[in-house]
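Peer 1: Read top to bottom, the protein sequences are chains A and B. So the first sequence is numbered by our numbering: it starts at 1 and just counts up by one. So the second sequence is numbered by our numbering: it starts at 1001 and just counts up by one.
What the hints contain is simulated information worked out from the structure, not anything from laboratory work.
Straight-line distance between alpha carbons at most 20 Å, and here's what the computed SDA-like set of lysine to any residue pairs gives: (1) Lys1164/B - Gln125/A; (2) Lys7/A - Arg1099/B; (3) Lys95/A - Gln1131/B; (4) Lys1164/B - Ile98/A; (5) Lys90/A - Glu1123/B; (6) Lys1095/B - Leu34/A; (7) Lys1164/B - Glu123/A; (8) Lys90/A - Ile1184/B; (9) Lys1164/B - Leu129/A; (10) Lys1164/B - His1152/B.
Not close to chain A: a few residues of chain B, all C-beta gaps over 12 Å, as computed: (11) Gly1043; (12) Ile1045; (13) Val1060; (14) Glu1079.
Note that the structure is predicted; figures quoted are calculated from it, not measured. Virtual Cβ for every residue (Gly too), placed ideally from N, Cα, C.
Protein chains: 2
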Amino acid sequence: MSSKKNKTSYVILGLLNEENLSGYEIKRIVDDRLSFFWNESFGQIYPELKRLTSEGLIAVSSADRPVYSKQSIKYEITEPGRLELQEWLKSPVEKELIRFEILLKLYFSNANSSDTMLEHVKEFQTSHLRQQQLFQQFEAQLKQNIDVHSNHRQILMVLSFGQKMWEAYAAWSEETLRLLEQNITAQEDDTDE
Amino acid sequence: MSSKKNKTSYVILGLLNEENLSGYEIKRIVDDRLSFFWNESFGQIYPELKRLTSEGLIAVSSADRPVYSKQSIKYEITEPGRLELQEWLKSPVEKELIRFEILLKLYFSNANSSDTMLEHVKEFQTSHLRQQQLFQQFEAQLKQNIDVHSNHRQILMVLSFGQKMWEAYAAWSEETLRLLEQNITAQEDDTDE
DNA sequence: AATAATTTGTATCTAAAAGATATATTTAGA
DNA sequence: TCTAAATATATCTTTTAGATACAAATTATT
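Taking the hints into account, I'd like the entire structure generated from these sequences.
Peer 2: Below is the structure:
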C-alpha cells in the first residue's frame, strides 16, 4: 500500500469515491469541473484505470454492466482504494505547478512589441471572463440543490478560489492594457518628432 | 526556421537576448525571477543549449571564455536566434498550465477531514506569504535602479501579476481557514450530543 | 428512411516537462 | 588544511500534455 502514485490515480479514486464512472465520464468531469486548476488526458486516464484495477484499488462495476450493447466500462472504488485515497488526503500537499506563457512573453518583450502584447492580453482577458462565467453557472447550480454532493461545502471552497483568481486576472488585464497603451502612444510621439 | 519548439528554448533565447549566460546561470535566474509563473529543470536546459547551438540560434561565447580555470561555458544569442525569439513573441499565447494539488485534495475531502485540510491551507498560506515577500524585495530593488534592464516596465507588469495572485491566495486562505474551523466545531458539537 | 454529423467511448503514441541523481570543481570558512 | 557549501555540467526516469486513431451510438438533416 501507499506506494508513490501519480496524481491521475488520485483523481480517479477521488471521483469514483462519489459514484461509479467510465474513463470517458472521468475525463468529462475533470474538464467540466476541475479544469481551472487541474487537467487530465485520456493518455493518463485509461492506462491508470487498468493499473488501478490490477492493483485492486478499483474494479469493473458489475452493477452498471453494459445494458444491451453499450460498450462503456464503468469502474467502482474498492475498500483498499478508499484507504489509499484517505492516506493521500493526509499526505503533504505538493507545490502547485504553474506556467503562464503570456507572462514569459511579456517578460521578454520590449517597448516595440507593446502592440503585440496588447493583443495577447486582450485575448487573455476575454478567454478568462468566459471561463469565469461558465463556473459561475456551475456555482449557482450547486448552491440551489444542496446535498447532491456530500462534499458541496468543499466544492464551494474550491470554486471560491477560482473566483478570486478570475478577479485577479480581470484586474491585472485592465491595468496592463492601460500600461501597454501608454507605451504605444509614447512610442508614436517619439517617431513623430 | 520557426519549427515548433519546446518552451525551454524560448526561455533560453529570451534570457540570452539580454546577456550572455551559462546553463547554471539560466537555471538560477529562472528560479529567482520567474519561478512564480515558470520553472525549468537542468534536464531541460542543458540538452536544449546543445540543440540550439547546433541549430545556430545561440553560440558559445568566445568573449566570456573561461578566464583561468573556470569551467563555466557561457552562451550568446545569434541573429537567427533573435529572429526566432521575435517570431515566438508574436505567435498566439498558449493556454496556461495550472495544477493545484491542494484544491484537488479539498475537492475530494469531506467534513471529517477538515482538520487535515486546515493544516494544508495553513501551510499554503505561509509558504506563499514567504514567496510574496521575496518578490516584493526584487520589485523594490528594480524600482530603485531603473534602466538596468531595458525591459523594466515589462518586468514590473509581470510582477504586478504575481502581486495580485498572492493577494488572492491570502484572501482565499483566510476565508477557507474560517470555513474549515466552522466545520470542525460543528463536527465536535455533533459528537458531543 | 437514408445519410451526415456529432457525441460517446476506448485506446495508444510521441514529445515535453518535472524531478531526481551523479559528479567534479571552486570558493569560503573553521 | 580540511570541510562544507556553492557552482557547474550532465543524464536518467517518470509523469504529463497533446495528438491521433478508430468504432459505436446518437442526433440532426435532407
